[in-house]
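There are 2 protein chains.
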Amino acid sequence: MAKSPHIKLGFILHGVGRTWNDWRHPDRDVNASTSLSHYQQQAATAERGKFDFLFVADSLSITEKSSPHYLNRFEPITILSALAATTSRIGLVGTLTVSYSEPFNVARQFASLDHLSGGRAGWNVVTSWLGDTAANFSKTEHPAHATRYKIAAEYLDVVKGLWDSWEDGAHVADKESGQFVDPDRLHRLDHQGEFFQVRGPLNIKRTPQGQPVIFQAGASEDGRSFAARHAEVIFTHAPTKEEGQSYVADVKARARGFGRDPDQLFVLPGIAPIVGDSDEDAEARYRELAALESIDTGLGFLSRTFNDHDFRQYDLDSPFPDVAHIGLDSQQSGTLRILAEVRAENLTLRQVAERLATPRGAFVGSPETVADQLQQWFEEGAADGFVIFEPLPGQLELFVEKVVPILQARGLFRAEYEGTTFRAHLGLSEPENRHAAARRAQSAA
Amino acid sequence: MAKSPHIKLGFILHGVGRTWNDWRHPDRDVNASTSLSHYQQQAATAERGKFDFLFVADSLSITEKSSPHYLNRFEPITILSALAATTSRIGLVGTLTVSYSEPFNVARQFASLDHLSGGRAGWNVVTSWLGDTAANFSKTEHPAHATRYKIAAEYLDVVKGLWDSWEDGAHVADKESGQFVDPDRLHRLDHQGEFFQVRGPLNIKRTPQGQPVIFQAGASEDGRSFAARHAEVIFTHAPTKEEGQSYVADVKARARGFGRDPDQLFVLPGIAPIVGDSDEDAEARYRELAALESIDTGLGFLSRTFNDHDFRQYDLDSPFPDVAHIGLDSQQSGTLRILAEVRAENLTLRQVAERLATPRGAFVGSPETVADQLQQWFEEGAADGFVIFEPLPGQLELFVEKVVPILQARGLFRAEYEGTTFRAHLGLSEPENRHAAARRAQSAA
Chain A
3 MAKSPHIKLG FILHGVGRTW NDWRHPDRDV NASTSLSHYQ QQAATAERGK
53 FDFLFVADSL SITEKSSPHY LNRFEPITIL SALAATTSRI GLVGTLTVSY
103 SEPFNVARQF ASLDHLSGGR AGWNVVTSWL GDTAANFSKT EHPAHATRYK
153 IAAEYLDVVK GLWDSWEDGA HVADKESGQF VDPDRLHRLD HQGEFFQVRG
203 PLNIKRTPQG QPVIFQAGAS EDGRSFAARH AEVIFTHAPT KEEGQSYVAD
253 VKARARGFGR DPDQLFVLPG IAPIVGDSDE DAEARYRELA ALESIDTGLG
303 FLSRTFNDHD FRQYDLDSPF PDVAHIGLDS QQSGTLRILA EVRAENLTLR
353 QVAERLATPR GAFVGSPETV ADQLQQWFEE GAADGFVIFE PLPGQLELFV
403 EKVVPILQAR GLFRAEYEGT TFRAHLGLSE PENRHAAARR AQSAA
Chain B
3 MAKSPHIKLG FILHGVGRTW NDWRHPDRDV NASTSLSHYQ QQAATAERGK
53 FDFLFVADSL SITEKSSPHY LNRFEPITIL SALAATTSRI GLVGTLTVSY
103 SEPFNVARQF ASLDHLSGGR AGWNVVTSWL GDTAANFSKT EHPAHATRYK
153 IAAEYLDVVK GLWDSWEDGA HVADKESGQF VDPDRLHRLD HQGEFFQVRG
203 PLNIKRTPQG QPVIFQAGAS EDGRSFAARH AEVIFTHAPT KEEGQSYVAD
253 VKARARGFGR DPDQLFVLPG IAPIVGDSDE DAEARYRELA ALESIDTGLG
303 FLSRTFNDHD FRQYDLDSPF PDVAHIGLDS QQSGTLRILA EVRAENLTLR
353 QVAERLATPR GAFVGSPETV ADQLQQWFEE GAADGFVIFE PLPGQLELFV
403 EKVVPILQAR GLFRAEYEGT TFRAHLGLSE PENRHAAARR AQSAA
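The listed protein sequences correspond, in order, to chains A and B. Under this note's numbering, the first sequence is numbered contiguously, ending at residue 447. Under this note's numbering, the second sequence is numbered contiguously, ending at residue 447.
There's no promise every hint is true.
Note that identical chains are pooled: a pair holds if it fits in a single copy or bridges any two copies.
[Claimed, not checked] With a Cα cut of at most 27 Å, we get these calculated DSSO-like pairs of lysine-lysine:
id, residue 1, residue 2
1, K177, K243
2, K177, K67
3, K152, K141
4, K152, K162
Since the hints were made in silico from the structure, they are not lab data.
Using the sequences and the hints given, assemble the complete structure.
Okay, here's the thing in structure tokens:
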């Protein structure tokens, strides 16, 4: 399959915002995080804009110092199931960790979401990167970084196996003969692995997509390998076009190394475009956003990235403290990027905190400017598409009304959905059921 | 609070039916079990009939010999979340086992459902009674019966503790001062128990109901004690009015023994009314249903009740086999009831199977007859209300159109919903947040 001519677009559903203080914006509804109607509006707008999917992030541990958007949020499966009933085309992607859940339950919930939505489910497979999450799950410690990816690989294997429990013809339901199920097409999994032992079969029939779409967001060495091997969409972080290009080239080469078609793997950086009537207007909107944040915000973000280490104990204008040892087992890629910048530019703690508090990104400007940037990243191999955050209230609406039509006019984005399933929008093939494949191979032999 | 003058009514959502072969009825949609639109229609009809709640049963293990309604079903949290978006008043009760899930995840999912639905969530706490379920969850054996209820009690304690993480005033969100959360009103749980260690706090604020409504369905000795202590609604099985009366009297006495107000505990037997134009017409409809079943159905049901024991190996017309030892650790109350009937009436295997294949129940007749029976059970202390199964397609519609108006005319059922939350419909008080209660006690002292 040739590279798609279309940019893929996702929208990340969120309530009070993604930065520490953007909930303080006058137009922001402070109750949005647990408001179904808020999410329904976002979903309807994104679907009107022909977005490929909605995305729900997640986390499993808070303290009273956590960022507002972590403190209070819908559980992903529930909000996506609700939106399945009020949308009709857009994909529905939920984050769910393999570290504190059971593969049988997760396989079921996503299969159920795929049926509910007529084939629009996606699962963002994460391994959970906050050490204190273990304390919410009767565990004394969080598994080490490398172990988490071993667990994740086996977990995903089990889930995909359960999704193959029912072949397409298994659900016979012949009223005349009284046969409800064809026992030859309903399969136990009988998985006996290092971390999991799961018999199956799954108690829900094969879903409209065969398998929900697999997302991954790993950026560390282990995470990239996992993503290149298992993911169909990678949600990544690319602060610059060059970093995007290098990331895309790297994971697609890895995917090729695993024998995969790199065009069946989409890399989508998360971006927070700010659209204005003109470049100057957009810049003014960015400054309005930046004015909401403080140094404390950046320090809080640092703390979260470095395993809840307290950065308020250090002098702001001294060189960045030596915390390399803390970061290694938490969100590895994030800590390494920060430490690299510190070394390269000899930054103080204050400077690092400022940069983190209000990331500006490359997508601030008039609708044409933003469309130009998106096109450039897409055509120059920095991205197959984007996951859009809404940094200021009203920005999704502006993006849909002003930027999407430009992309459509340039032939870079769909004018109408290609089909009814999320796989159809992405141009991803439906994974063949393993048992049906074996049967086909046998009868050909 | 005095005993409610109103019958409570729930409807159990289901697809292909509750007995082995009722999916073979000409009017039954064989794809109903995973059809959102089918469930939406059932939900809309029940809400039009002012039912208190929708109920979703569950199970976690199948073989190719399982009953059709076990084989293929929606996961409860997903279908209820979807229905939260398309209904506005009716309660939404889901079954979820404590044996193969994490209290943090379950507390979150039900809290999320309660927010999504504006305060309409209920949780049916079950301990899972099929021995082979363990094999789907990397466990070598299912915990023994008594242990399961010890686990359940601690689990529920953890979930309720997590639901109290946020006091009502904790979500400050003051844009002026920049305070998002009041740390004095956001609480860690720090639970250190025999089976669970959970730190908290939960990452979703206090829900509209404070706590979702707690259902339980235990019928064994351990189950009754658990239900009397912890449940707000008991979903039970009562084949006769006398058994209903004895069960109600028993659990309400137990509840009183635990210091609870027995009028804040509702006992609802599951029933499958068959409404016809006349008693004769209803009887004919029952026979139409019974004709769909075979001896094999009854044998399959026996097998499921007795831990997947194969009853097809025995002669149908010999005395019922000696299987008392098999049943004890599975669905205790069900096996004991069957064995008692066998002893009392000296039944053959065929006779037991026939009785199990097509239970008729006490609610078959004209709308007046069915309404009379419901009234009698209610007024004579055999039930506080009922959970309605739909044994034949169209029966829910008939019940809503024909029976509900009679109950309303007799003052036995609401003409309109009392409020917006499920607790309001039931007349159940909202549990006070434990930390708010402590604060109140302290300031009173």
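Exercise. Of the hints given before, which are not true for this structure?
Worked result: 1
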